[in-house]
Every structure is written in structure tokens, then in C-alpha cells.
Amino acid sequence: GQQLNQSPQSMFIQEGEDVSMNCTSSSIFNTWLWYKQDPGEGPVLLIALYKAGELTSNGRLTAQFGITRKDSFLNISASIPSDVGIYFCAGNSGYALNFGKGTSLLVTP
Amino acid sequence: DAGVIQSPRHEVTEMGQEVTLRCKPISGHNSLFWYRQTMMRGLELLIYFNNNVPIDDSGMPEDRFSAKMPNASFSTLKIQPSEPRDSAVYFCASSSGTVNQPQHFGDGTRLSIL
Numbered sequence: 001g002q003q004l005n006q007s008p009q010s011m012f013i014q015e016g017e018d019v020s021m022n023c024t025s026s027s028i029f030n031t032w033l034w035y036k037q038d039p040g041e042g043p044v045l046l047i048a049l050y051k052a053g054e055l056t057s058n059g060r061l062t063a064q065f066g067i068t069r070k071d072s073f074l075n076i077s078a079s080i081p082s083d084v085g086i087y088f089c090a091g092n093s094g095y096a097l098n099f100g101k102g103t104s105l106l107v108t109p
Numbered sequence: 001d002a003g004v005i006q007s008p009r010h011e012v013t014e015m016g017q018e019v020t021l022r023c024k025p026i027s028g029h030n031s032l033f034w035y036r037q038t039m040m041r042g043l044e045l046l047i048y049f050n051n052n053v054p055i056d057d058s059g060m061p062e063d064r065f066s067a068k069m070p071n072a073s074f075s076t077l078k079i080q081p082s083e084p085r086d087s088a089v090y091f092c093a094s095s096s097g098t099v100n101q102p103q104h105f106g107d108g109t110r111l112s113i114l
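As you go down the protein sequences, you meet chains A and B in turn. Here the first sequence stands for residues 1 to 109, where the numbers follow this note's numbering. Here the second sequence stands for residues 1 to 114, where the numbers follow this note's numbering.
Note that these hints are calculated values from the structure, not bench results. Honestly, I wouldn't trust all of these hints.
Covered by chain A, according to a simulated footprint, are these stretches of chain B (three or more residues, beta-carbon under 8 Å) [said to hold, decoys possible]: (1) 10–24; (2) 46–58.
Taking lysine-lysine pairs in the DSSO-like style, the calculated list, with each CA pair at most 30 Å apart, reads [said to hold, decoys possible]: (3) Lys51/A - Lys70/A; (4) Lys24/B - Lys101/A; (5) Lys24/B - Lys68/B; (6) Lys101/A - Lys70/A; (7) Lys70/A - Lys24/B; (8) Lys68/B - Lys78/B; (9) Lys24/B - Lys78/B; (10) Lys101/A - Lys51/A; (11) Lys68/B - Lys70/A.
For each residue, glycine too, the CB sits at the ideal point set by N, CA and C.
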């Protein structure tokens, strides 16, 4: 599959701070998705982006689909302890998803 | 609404044994995907089905792996014979089937081959 570069690999922040992570690809995608995975569970869809330039929010989460269709970012505002987990970006150019390696987020109270 | 249901949640078995993982997709979803997750390689697509037909099995590691989808509500992933390097978490996901639709994941099967 196509390689997605997700950064940072991990983040260690204090409760209340804002968080930003991003994904880039050498290939164009039709859809960008952001998932969160908690220990022992499957990835849960957070935000789906369908159009280049699209900016979408879901509560404290905001994600954007890059204009070139080769990148996306996810921001989390005012982080809380339950935001802890691994965040994955995924690009879709048909049926199959290509995943980034994940950003591990730790939030201290 | 019920999500994607996988069983068993955990499986521990000795190498050489046959392993069968099961998945029930979300009702009405007609695309189904099997993934493997490891620390080293992350999430890898093994195979996907559309309308019960395998579309792309290029991610299946080798002939020891096989997958079936006999009907719209059930799929299996079988490993025979199993090897220690098959130890991983295996996820099943489903989507509505039209292109570019989000996939929804089950909670996975944690497989350990001794």
C-alpha cells in the first residue's frame, strides 16, 4: 500500500494544552480519515474528510484535508486525560485504507 | 446499533494448530476488511471483500492464510498451520461498500502462537 508519514510519533502533554498532529503522503487520496485507538480496542472513527480544503470539527477535534490532497492534520483543543490513546490517519483512494503508523498521546492531569 | 463483532477476543494456541477468527460486519455494510496489527508493521490490510466476493487478497502473507465470506453477515480468517510469527491483533472492519466510505472496526482478536 501507499506509505503515509504521520508525525509526531508520540506526544506527552499536560491537561489543557492543545495538540496538533499531521500526515503526509506522496500520493493523492480521495478521503482522509482520523481514528483513535484505546488499549485493547479497535480503532474508532473520529473525523472523515471528503473534499480538498475541507475543515471539519467534532467537539474539541478539528481536522483539515489538505489542498493538494496529500496531507491532513488533526488538532485537539484543551486536552483532557481521556484523550490518551493512539491516533491514526488513514487515506482512502478506493476501497482500501492506507494507515499512518500512529501518534501516541499521553496527557498528564 | 451493533458494531462489528469479532470472536474470539483472545486466542492462545500452540504452533502448528489451526486458528479460525470470526467476524460479523455491521448490518447493511457490504464491504468487509481483515487487518493485522503489530508493533513493527502497524495496521496492514490482509484482504477485503465486496458483496461477499474477495476483491484483493494481495496482503495475505502466505498460503497458510485463507479467508471466506459465505454470506453478508459472516466472515472467517483461517491460519493453518499457525506459526509464532503470526502472533498479532487481527481486526475486522466493514463499510457501506461504495468507494471512499469510512471503515468501522471491531475490537479485534489478540492471537498468540506459542
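Return the numbers of the hints above that this structure violates; sort them in rising order.
Result: hints 1, 7, 11 break, sorted rising.
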